[in-house]
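Asks: These protein sequences, in sequence, are chains G and V.
Per our numbering, the very first residue in the first sequence carries number 1; after that it's consecutive.
Per our numbering, the very first residue in the second sequence carries number 907; after that it's consecutive.
Be a bit skeptical, because a hint or two may be false.
[Stated by the list, open to error] Here are some, though not all, of the chain V residues that point toward chain G, as calculated from beta-carbon distances under 7 Å:
#	residue
1	955
2	958
3	971
4	973
5	980
[Unchecked claim] Partial pick of chain G residues on the chain V-facing surface, computed with a CB cut under 10 Å:
#	residue
6	173
7	177
8	182
Think of the hints as simulated: they come from the structure by calculation, not from any bench.
Ideal Cβ positions, reconstructed from N, Cα and C, are used throughout, including at glycine.
The chain contents come next:
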Amino acid sequence: MSEKLISVKIDGKDYQLPSGMTILDACKNTGYDVPTLCYLEGIAEEGACGMCVVEVKKARTLQRACVTKITDGMEITTDSPGIHDARQTNLELALAHHPLDCMTCDADGDCELQELAYQFGIKKSEFLVEKEAFEAQKETSWDTNPFIQFDPQKCILCRRCVDSCENQALVEAIGVAMRGSRSVVSTPFNVPLEQTDCQFCGACVQACPVGALVEKPRVGKGKIFNLEKTDTVCAYCGTGCNITLYKDKKNDLVMARGIDDALPNKGRLCVKGRYGYEYVNSKERLTKPLIKENGKFREATWEEAIAYTATKLQEIKDKYGPDAIGVLGSSRCTNEDNFGVQKFARAVIGTNNVDNCARLCHASTIAGLGKALGAAAATNPVDDIKNVDVMFVIGSNMTETHPVIAQFVKENKKKRGAKLIVCDPRKTDLAKVADIYIQHFPGTDVALLNGLMKVMVDKGLVNKEFIEAHTEGYEEFVKVVSKYELDMVSRLTRVDKALIEEAAMVYASALNATIFYTMGITQHSVGTDNVLSIANLALVTGHIGREGNGINPLRGQANVQGSCDMGALPDVYPGYQKVADPAAREKFEKAWGVRLSDKPGLPVTEFGEAALAGHLKAIYSMGENPLMTEPDITHVRKGLEALDFLAVQEIFLSETAELADVVFPSAAAYEKEGTFTNTERRVQLLRPAREMPDDAKLDWEIVSLVATKMGYSMTYRNAAAIMDEIASLTPSYAGIHHWRLEKGGLQWPCPSDDHAGTKILHYGGVFKRPSGKALISPVEYIEAKELPDKDYPILLTTGRILYHYHSGQESRRVKVLDTFVPRNYVEISREDAEALRLEHGETVRDSTRRGSIDVEARISEKPMQGVVFISLHFREASANLLTNAALDPVAKIPEFKVAACRIDKI
Amino acid sequence: MRMNLEDRLNENPELKKQFDELDAYIDEKASQQGSLINVMHRAQEIFGYLPDDVLYYVAKRLNVPRSTVYGVVTFYHFFSRVPKGRHTVSVCLGTACYVRGGSTVYDRVMKTLGIKAGETSQDRRFTLDLVRCVGACGLAPVVVIDKDTYGRMTPDKVVTLLNKYA
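Looking at chain V on its own, in the form it has when it is part of the complex (with noise of 0.2 Å):
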């Protein structure tokens, strides 16, 4: 894969860093055996998602079969093969933001944005997320943006919220 690689590398600066990067974190790892999900996770923090070249970049350096990898990245919801955006919307629908109007949340949210959950925003701002509870029931309904989270969230609020971020 690097084979065909070079060029793209070569001829794209900023990619060879990302690959660079990658390949300092596999060199770090590789001895360790099911390295596998940990090296996913820093691909993913470097490329913001996992395209299917990178993966098979992986698969080779790890020596482990395309098929693994395949069946690792298409069951784990937190790897995504298509770009994400800027940032992560996570609206969540678990009981007990269901019953306190979460569903009306997530619709404005939907509205506002025009996007479906897995999708992202055609100016690649936002990615919308569904979750089935985050852990913070108390704060009812709740909905995380990145790696912050928003409780007692009503769809004027979120709108509101959502414009913070660029």
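Next comes chain G alone, as it looks inside the complex (with noise of 0.2 Å):
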């Protein structure tokens, strides 16, 4: 849009307004108010239903205000009596086959035709077609899922749900098919959504203006004006979306919508944030505390189980110090949560046996680019998406892990002409659609990288000026990545040489060019290797500090980044400061006012041996389930029965919770107040959607009510008061508090109540080193610790589904998504299945050296030959009764993508 300033006449006022500018958009910016119907913001505008016209001087007839561009002189009419005529005529031409049963529809109250209608005051449409409005039944059948409902009766065509889908969603599951009156909304060759693209993040019911497109869940909850609404951040992934959320008169969460203007979804959600709330109306919620008598839960009242505990604390820690107890915060609670946890472990326990699952997803993130960086987060926000031109993405199965950042992805992609380059060892959904799919085999990520690296540097393709600039160790480096010779890494990891060759190019020689990465680079015992591979190839580049450039880890949980930042970490405090530091302790026992440990604690993966051998007795967990998301968890049970005592605060009687001695229910994230920290260091702010179950509490509260009893007063008026602790002790946090968010998030670091938060980190190659200076790191190859062999001869890979979530507590107890994808199943390449004789649907026993899960064989292009991939979500077939406990030495992340398995017919 041109910025030159021309001269418009609206409702004989004049302006100067910028040219290219819609007269939609010029009414709207000068507070003129015209209507829309098939209108939405850079979504919809196909200027259909001609609700928006106006008058146009000079013009032969009146124009549509959302199609028609301003022009220098114009003069603009927004109402009069022959605008109003028409815009009747056209709102009646719309109601002309649209069933007026407002009294049984879902959208009553939420539709804007109804709206409309009540404006221009039409009860019934001059052009009203009974026998179609009433009677006649549009032919369509594609609504057989469990998630959306189509009434083609109550459809007005103006597309809107057909533009959300390929615009937004960039999936194009529906169109407009048929001609004529027999136009209507479907999917390609009308059939069932489920086998189309459709993700359904539902989108489309989003963007209908009417009832045709409802959520099915809600149909029949109750209708808008009865229901509650609450804006809060969505509780699954690390996206941290905005979302709306609906509460009927009985307490239920009945409906979520995306918030339109809010970043980073603007209105966006996956099927998990539409259909997902579902969880906390479960009547399977923990109400009252547990205590374990002769191995069986019995009720507890606050008072009891919180002495019992602190009673029991106590002892542990008199009789074998403060370091046999560990404690758990947890990615799903909020930063005040955490925060409190770390405090409770480190002030009261006096240990810092404090971790979180981060451990599981991300500790190699934190090593790795912390080392590298400085910081350990996301460099870029999700909005700076569109300035990137090369998306290089490693790793990461983002449509189903993050689905609404792959749309942002695919729309760059889709709009401005982006490259997408995708390194994954599974052909996932991105990598269908990617300009360079490079399909390695698992865990040769440092290889592959290596040879991308040695490529840039044979041919000239680094960023000389940035290395000398802005980071050190670039000669070491070049001594290691030169031996990386293009043979060897092609047998290595299976790719084609040129293809490498080819990546390496188009990444580096690009203007603007931004990493992604997940799971696939951080769960390898060479996780840390990973990252600082990945910092190495952006540093290299000079990929790096500046809008379009940077390293993006995509964070797995809600507030894994909080979590981390709040100090659940066994070497650090609150953001990051270094518990083996004496300025930073002196800080933090000033503070708080005890002695603290000096000791980095253990992390969560080394807790079960601990137990095991005696070291470790007690666990006081918030939230966590390690027995479903640790590895090799026949062996965490041992260490878990092996400790003296087990304390968990949850909100299900998890697989873990069943084991403990003490069992506290608290609240969920939709019930909370307080924030999460997402994946592009946003703190948002969440605001209770629901009323908690009548004998829940807050998990801070809870941790603060053990902590007094113990001894330690911990008492918060609210969450805001200990965000304003952290503000106090966290550089990075300490211009956050609760009263500033209320008007949207802030990105850390904002260092001061004045700061505006910042949304790139080492802007301008400015990196928070000692030396100001980013480190390039050489790194070998390391082979996976185990690697297929006689008697395992395929490789296991795990990881998530779009349907489900971690360990399954929310996600399974959402009936449409548990119906969707009730059970577990194997995903085996073809060449596989034949080979073994295995035939699509067919239950086979997938076995490891640790134990074995007998699963649905699912015949699939994604796994290459050799490898095959399960996810971790269902506790009836775990897929971590497989995987591999070996660690990473740095991080000690597990090695969850790699582990050698037998597939058996059974």
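Starting from the two chains in their separate frames, assemble the complex, guided by the hints.
Replies: And the structure:
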């Protein structure tokens, strides 16, 4: 849009407006009201309905404001009897085939057609075709899925759903078929929606102005004016989508909508955001504290349970010392909860044995990016994707794990023609649309990345100026990388040499390039090496520290970033201030009024071994479920069973809670006030969308009660008060307070109350390391700890699927999600299936040296030959019975992504 | 799609020839924007109609969403998703033809062939269509069979005419 200003007269008043604007935008910007129906800004701008017509002087006819650009000297009239008549006629045309059944419509009160009819006073359309509106059914049979209901009778063919599918979801699962009065929104060939590429994100439902498209689970659950709405943050992945939740009069959540004008999601949600709230309504929620007696739980009062826990912990502390106790924070809990729990561990128990589930996903990011760049976080916001020319995605199945971010990636490719490079052992949905797809063998990331960088070094594609000015360690790095001849790299990774060369050229020569990575990089015994290699890639090309350039690890859980920022880690206080650093320790000792341990604690992945060895006697867990999420859970169970005492705060009786001595019922994320920090470092405010169960308490509240009972007073008025303490102790959060977040999220570092937050880290190549420069590290390829052999000839890799989430505690209690994907399965290539004589859908036994599970075999084009994939969400066939507990030596993250297995017919 | 087609193509040389012909046309047109309708035209010429798997194939080859292909095939009257007869009979019921007895011609064709507009006779000889004006009003009532136009039709004449087409 050109910035040239032109003169426009609207309703007789003169305005100077930028040329290139539509009349509708001009009217909106100057405060004139023009009705619209088929228009959705940036999504649906087709000018189909004719509600926005205005008069333009000298134009022969009325003009559609949404598609007509303003011109110099244009004189616009926004309302007149003539305009009103035209709009009314167009509205009556839209109403001609619409069944006037608002009484039984779920969209009643939430319907733009109804609202316009009300405004224009239309009781009955002059053009009403009674037979079509009330009787004749249009042919459609595509809404057999559990998520989306389509009533073609109510559809006014505005195309907003089609446009949102095309421009927001970027799936194009629906279109308009037929012609004239038979026109209907349809899937291709009218097949059921689940047979299309539909991801059930529900963008179409949110875009529908009437009740034609409705979320199935909300049908009959109440009309909008009887629901109470709350704006909060989605509790699933780390994207941190802003979401509006609707509560009915029974305190059940019944509907979710994306918030249109909020970053990062701009109205988008995925299937879990749109439908996944239901677990909070579950009858299985814990409502009373439980104490185990003679192997059985009985209900207890809060007083009794708190006293019991405090006494037990005190006994163990007195007898074995504070380091005999381990504490777990959680990436599903708020910053305030995690701050509370690590303070409890450090100031009350006196140990640094505190960790959280980030250990299992991004510990290697913290170690790797922290070492290379001086800050362990995504460098650029989601909204910056639109500035990227080459998107380099490695080890990230983002269409399933971060669906909304994947939508922006696909949008950038489609609208701006940005190039997409995907490196993934599995041919994911994103890989299918990539410009360059590299299918490398699992666990060979370092070899691949070194190969790419060798090409860059050899061809002079590295950014010498950037390396010189902003980095150190390049010389050592070149010595290592130069050994990675492409023939060798190609042999190790099983990737064609030419493809590696092409990817290297495209990434290195891009004007703006950003890397996205996820668990495919981090969950290896060489996870830290992988991350360091990623950092090298960005540093040697200078693709970091400005718009469109950076490294974005995508965070798996809603508050992975935050739980780490809060110091729910064994070696750092909030803000990554090291416990081993006397100055930092002194600061926290002063603030908390106690002596603190200078000894870094154990990571959660070593809790089990320590328990078995008798060093760890008790674990206090806030919402963690290691019995599903850690590798080799048979071994983890032995560790937990060896403990003298296990206390758990939970919303459900999870696998881990079942083993506990005491269980506290806590509030779910949608019932909390507090903050989550999303994958782009955006600290966002959660607001309670429903009442928590009667006798449940907030997580930080429970921890505070135990702490106080143990003789250390932890009394906070509310979560905002905790955030104030966080701000006072954490430089990067110093300017973050709830009252500021009311107006929207803030990206850390935000060092003061008047600081607007930091969009892009390391801006201008300034790194928060002692030298101010980033570190380029020499990284050698080391193969995975357990590779296929004679007995276990197939490589097993694990991960997530779109419709479920982690240990399944939430998503499996969402009826529509669990109906849609009710059981686990193993994805196997056609070649392997044929070799093993397996049929699609047959139950097979997948075994590793640790255990075995029986799952359905699904022949899929995703895995390469010799590799199978199993998701981790299903307790009845838990992938982590199989996984290898080999740890990264630095980050202590387990190797979830590579294990040797065998598949047998049963 | 081609993957699943592969076996069928190997078994059926005739089908393979048809797909090869379509491929050649797509290769020629693929780089052009908006070649979908041309390709569909050609496909209908080759296959006689547009079976769903041919449409899936076209969508994949042209990298066009299936929803778009479906929208186009159902929008244009010209395209057919069901097999057509060897000959297409189009009876015009535009205003001029109508007032000069087009409907009696249409009735007789229906009766003779035993099918309604849009249908194909069991022996696959004829597909019957109704059209609204073919631009030959001076010759009304008009019947078009394949690419030939016949004017001043009467119910009796049309029966004789149909017998000429095998």
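Asks: Run every hint past the structure and note whether it holds.
Replies: Results for each hint:
no., hint, in the structure
1, 955, "14 Å, violated"
2, 958, "6 Å, holds"
3, 971, "4 Å, holds"
4, 973, "3 Å, holds"
5, 980, "4 Å, holds"
6, 173, "7 Å, holds"
7, 177, "4 Å, holds"
8, 182, "9 Å, holds"
In terms of the numbered hints stated before, the structure departs from hint 1 and from no other.
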